[in-house]
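Residues per chain are reported as follows:
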Amino acid sequence: MMASSYNAKEEDGQLSGAGGSGGVGAAKSKKPDNTAFKQQRLPAWQPILTAGTVLPAFFVIGLVFIPIGIGLFVTSNNIKEFEIDYTGIDPARPCYNCSQTLTWNSTKSCVCKVPFTLEQSFESEVFMYYGLSNFYQNHRRYVKSRDDSQLNGDATRLTSPSKECEPYRTSDGKPIAPCGAIANSLFNDTLTLYYINPNGTESLVPLQKKGIAWWTDKNVKFRNPGGNNLNNITAVFHGTSKPVNWQKAVYELDTDPENNGFINEDFIVWMRTAALPTFRKLYRLIEKKNNMIPTLQRGNYTLEITYNYPVRRFDGRKRMILSTISWMGGKNPFLGIAYITVGSVCFFLGVVLLIVHHKYGNRNNSAEIPN
Amino acid sequence: MDCSLLRSLINRYCAGEENWVDSRTIYIGHREPPSGTDAYIPQRYPDNRIVSSKYTFWNFVPKNLFEQFRRIANFYFLIIFLVQLIIDTPTSPVTSGLPLFFVITVTAVKQGYEDWLRHKADNAVNQCPVHIIQHGKVVRKQSRKLRVGDIVLVKEDETFPCDLIFLSSSREDGTCFVTTASLDGESSHKTYFAVQDTKAFHTEQEVDTINATIECEQPQSDLYKFVGRINIYQGQDEPIARPLGSENLLLRGATLKNTEHIFAVVIYTGMETKMALNYQSKSQKRSAVEKSMNTYLIVYLCILISKAVINTAMKYVWQSDPNRDEPFYNQKTDSERQRNTLLKVITDFLAFMVLFNYIIPVSMYVTVEMQKFLGSYFITWDDDMFDSELGEGAVVNTSDLNEELGQIEYVFTDKTGTLTENSMEFIECCVDGHVYVPDAICNGQILTGTVGMDMIDSSPGAGGQEREELFFRALCLCHTVQVKEEESVDGIKKGLQPCGKSSSVYISSSPDEVALVEGMKRLGFTYLRLKDNHMEILNRDDDIERFELMEVLTFDSVRRRMSVIVKSSTGEYYLFCKGADSSIFPRVIKGKVDQVRARVEHNAVEGLRTLCVAYKTLAQDEYESVCKQLNTAKLALNDRDKKLAEAFDVIERDLILLGATAVEDRLQDKAADTIESLHKAGMKVWVLTGDKMETAAATCYACRLFHRNTQILELTTKRTEEQSLHDALFDLSKTVLRHCGSLTRDTLSGLSHDVPDYGLIIDGATLSSVMKPTEEGSSGNYKEIFLEICRNCSAVLCCRMAPLQKAQIVKMIKTSKEHPITLAIGDGANDVSMILEAHVGIGIMGKEGRQAARNSDYAIPKFKHLKKMLLVHGHYYYIRISELVQYFFYKNVCFIFPQFLYQFFCGFSQQPLYDTAYLTLYNISFTSLPILLYSLIEQHVNMDILKRDPSLYRDIAKNSLLRWRIFIYWTLLGLFDAVVFFFGAYFLFDNTSFTSNGQMFGNWTFGTLVFTVMVFTVTLKLALDTQYWTWINHFVIWGSLLFYVVFSLLWGGIIWPFLNYQRMYYVFMQMLSSGPAWLGIILLITISLIPDLLKKVICRQLWPTSAERIQAKRQCLSVEPSTIFMLSQTSSNISF
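Chains as they are written, first to last, in numbering that gives the first Met the number 0: chain F, 0 to 370; chain R, 0 to 1135.
A portion of the hints provided could be inaccurate.
Stated by the list, open to error - Listed next, the in silico EDC-like pairs over lysine to aspartate or glutamate satisfying Cα-Cα at most 20 Å (straight line):
id	chain 1	residue 1	chain 2	residue 2
1	F	Lys-37	R	Glu-335
2	R	Lys-290	R	Glu-271
3	F	Lys-162	R	Asp-383
4	F	Lys-287	F	Glu-124
5	R	Lys-331	F	Asp-171
As the list claims (entries may be wrong) - To be clear about the criterion: a stretch of chain R counts as covered by chain F if any three or more of its residues have a C-beta under 8 Å from a C-beta of chain F, and this derived list gives those stretches:
id	region
6	982–988
7	1009–1022
8	1026–1035
9	1077–1087
By construction, these hints were calculated from the structure, which means they are not laboratory data.
As the structure is a prediction and not an experimental result, all values here were calculated from the model.
Glycine residues also receive a C-beta, built at the ideal position from the N, C-alpha and C atoms.
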């Protein structure tokens, strides 16, 4: 691109020379400035990566990474996690019937109960997740099928949603709120947890449904049209239609006005599309009541599922996960192992380099520089 | 013999073109000739408007866009952009449209501005006033309104508005002086001659009465060639026809000097002037780096296409299950469902192409162009290449070839003016074997007017005395020197008149002639002036002798001699001829040839330039026949050069040898040192000169091209006379190959430096027979053998070269099977052809004008500057640009490969991994500045070391940093890093939360994590490669990382009202609020960097390059003075 301009400049010079200046006029001293930058002599630090200089770095990496890795690994191992698949593919499983009969547009809900046993008690706060497998929330058609302006409370978008929401944009001639494939496929199984007391009676484990979504999402990114604290939320959504797969409208998601409409936390969590086809999403929190009793005691539990969400057609799986959380999040041994491995490799490489350095280093330094 | 052969060859070549040239007839002053002459063929001529601008106001936008999109890269990006606009693609059209728009706009604005400047210059030129003669009066007109046939009045110091035929001058003798500085840079004054029969018309009225027509060829671009005829009608007589040559043609752009005014008639106007015809831009040269870059681009294009094909195929395999293709939660719209399958496949393919198109980034082109453009300033800024005498530094005419300077394998250099100073000094002359040396020479200036002679031989007899004076007179008469009688003359200035009269200076386009005439002055014969066609000489007795100048048979490089025919006051006709010995001796029939030849050879060995002088007397009738021959030749419209050459050949025959002269041409400052450095750097240096063998060989020894232990192989006419060319060639190749064999043996035994190297001397005649295709078709054979010999010679000297042959040699080497990179350096117009032919052409701002500098790619003031140009600048540019190219490919593999991998996890749905802003800005801002800066100021080894140790240049020979091996290494490194980024993030995200509040991250966090690791890794990788950390590097590298962080915080920190999605809202901050994300980022960066670091360290330790050894050595000397110096500089000189 620039090359062509050079030619242009040249012609230009010739022409103006011809124009009468005579070409000999501008005999100014064109002596270049003698600055360090222009002479390429800026003071500079010239590090050279030799075995000698890199060696300490490898040892340091090794020495730092291995303890971190061990720390991470131990932390991860201390996290208690319990996972149960309740899809009901196997006829022996409790939810088999529900999974067989259910289609995505059936109105009747099906309830099943899955018993399980916790071998260990969960001492600290417990996080309850639902997990889906083989569910492509990261499919492009799916990811873009939403209208962030509508979800942010934009009144005009409420009545005329973005084109991206097709084919979940209108139903029966009325705009869908919230529009789009993501909202339409909101996970709508209801999970309840019962602790089976040693005496055989069931007691409901209290599940906290606030605090599962990002604070910024709940308070800034998602807003009901006309403000969040509106009491007559039904009126706001007047003239819109519920997503076709939903059993109830968006303003009926919860009775709590703080958790209803677009700012329903279950909804917000679902709207953050997962990165991979196997994912889990935070469903409920189980708070620690007092320090004496563990949050979830060792023993038998029953998971009661209102089975609404069909996954069988696309070979999906549904799971329920109970997990404690450390400062580094949930159970993930990868980071710890990786740190230990990298640290050891670095240490090993450091040793190799040390040998190389000692064996060959002197040779090079004393070697004649050929001219 | 050889020359005529070549000439006929050239003529045959050009004949077709010349025959085509159709003539034009011009009526001076638009006056119809008397009836009865040839029918008037009206021709339309353009007006005198010069249009150098490319665009007009109206066509700028379409034409400029068209020009820009003709570039293949721009076109590719345009296609991508259009695809994005048309089909539903994963990334918004903005991501590729914005950079493209930016690039196109910047280029368009720049070109528009330049064109505007050109328009302004055009207007200034086209509207400048000129004086034309109408009805006997002087009328002012705008230059652009001039028409062919107008008579123009040009005053002193005015520029000629178009190409003119010189009719008459205010000077009595009908001459005028012209400087063509703005045409070819030669600032010396040249004499032009008015047409003989019109030079008497001195006033407007008289000029207006001229009744004549001019027939001339149609315009052609050769500045020095013009053929025409003027027919002057006087009354009813037959018209008088006169030949017109380039000495009558005043070119547009030249300036009238030292002449009050002239009258001339317009023959070529506007875009048909020779100056305008010379505008054609030079053919674009491309560097080796650019070629490898284009190859890599094709590789990447293949990678891109195969990625898209793989993904498209996988997508349809994966989608074959309708539950995957269209699960209940993610249904298609009706229009999508109804789309034709083939169309869908094509759309998907294109969408994948668009998704991965960043692997070939627009910004690479921009960065490379910027690097070349900005980097070339370091050459112009270089203080070491500034010549205080000339007041000029190096000039970069094209920055496209910067890195090619680091790749030179063959250097072709001119001798005169390049290796030598081209400031001539008369040393001695030899008449019939008697040697005369003018005394008291000091730096080319005569100290006093005393005339002294030092006769080595015994004083000649009476006849000798006569011969001696004839010789001196011959030298005083046989030249084209002008006398300038004032002091303020630019150009070649030499020798003051000793006689106490007005000071005068000799001016000539050839410094040899000036030296000779001055030498004669010191020997007692002073050339005074040319007056009324009489040359005046002041002889030893202070008497003025007058000779009438009858004819000048001008010098040309093919004939290599010139002659004058003069008539002495006693009425005798003499022909004096002066020229190279090889062109004089064969034509001599009398004289002491052997003594002179011995002396000439002796002088040539000393490195002096020798000329021989001969004469013959002509009888009246002989003279007349000569005149007739010359006139017919001059009058010929077609093939005039050929006919003239034939006439000269006939006339300059049967001469009597008078003697010879010797002129010294001193070596340029540090020429020997430069040549030696180039040799050490592994370059082969060839000297191509028009000089004769002995002189050239002596210069070569003096500048250490040949050493004492160099074994010289000769391939000259002399030798080929003894044995056939075939045998000579085979002999030489046998010698060389034996040497070659011994070389390999000795290298094995480690004794290679004891082997003497070979130097080859070849002359023009032999060369042309080597290259000449013979009927047996064995020419290829000869050429191959010759090339084989050359390959094994460290130095080659080609003497007796015609300019065209210089270019042929360069071309021959250039196209030989290794395709070496060649550099040609020269200072004169005769070097232009090879400068244009070679990969890199370097012009020296010399004394023979600026033509070479103007046609070159780089111009330097002195030959010695070549050393720094190649060894330092060339080396740096090469290192810098090769890293730039490799790094760009690397970072885009890192960038795009994770996207490719992600397709396997998102159902091949073309879901981009990164946000649009990241996709757009990755190459534009996050990772662009560090590499640009690196490619501008990186220095792996100090400048002084590079200069001191030329062998470092061999490190980078043969495009070594852009070899496939290295390219593949970088690509694999990119792939490895990309895999680390992607799967590192994948396992980190593996179905778990990694915040302490248990909340989950989505796909955008995943992409941002990969992206963050990538930006840091890619930037730190460059930091590892940087070996020259100035504060600017620190600023840019850490600054761009900081910019990335700040940008991400900002981009995610606000609900952007103009966006219809808010997917990045708080994603970056949420990610940073999680501990494992930090740990993961650090871990992945470490893993990505370790292999490269390890490779670097191990390679350096086990297989160090010589540059690395030098670095290590420097490191070892812990307290090196330069380090201390540098430190002190750091503290004292913080600002730059």
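Against the structure, the hints come out as follows:
Between Lys-37 of chain F and Glu-335 of chain R the CA atoms are separated by roughly 60 Å; this puts the pair beyond 20 Å, and the hint is violated. At roughly 37 Å between alpha-carbon atoms, Lys-290 of chain R and Glu-271 of chain R are farther apart than 20 Å, so this suggested pair is violated. Of the supplied pair hints, the one linking Lys-162 of chain F and Asp-383 of chain R is violated, its CA atoms being roughly 65 Å apart against a limit of 20 Å. With a C-alpha separation of about 5 Å, the suggested pairing of Lys-287 of chain F with Glu-124 of chain F holds against the 20 Å cut-off.
A hinted pair counts as satisfied when its Cα atoms are at most 20 Å apart, and Lys-331 of chain R with Asp-171 of chain F qualifies at roughly 18 Å. Under a criterion of three residues with beta carbons nearer than 8 Å to beta carbons of chain F, the stated coverage of the region 982–988 of chain R is upheld, 5 such residues being counted. Proximity of the region 1009–1022 of chain R to chain F, defined as three or more residues with a beta carbon under 8 Å from a beta carbon of that chain, is not established by the 0 residues found. Against chain F, the region 1026–1035 of chain R contributes 7 residues with a C-beta closer than 8 Å to a partner C-beta. That satisfies the three-residue criterion, and the hint holds.
Coverage of the region 1077–1087 of chain R by chain F holds in this model, with 5 residues showing a Cβ closer than 8 Å to a Cβ of that chain against a need of three.
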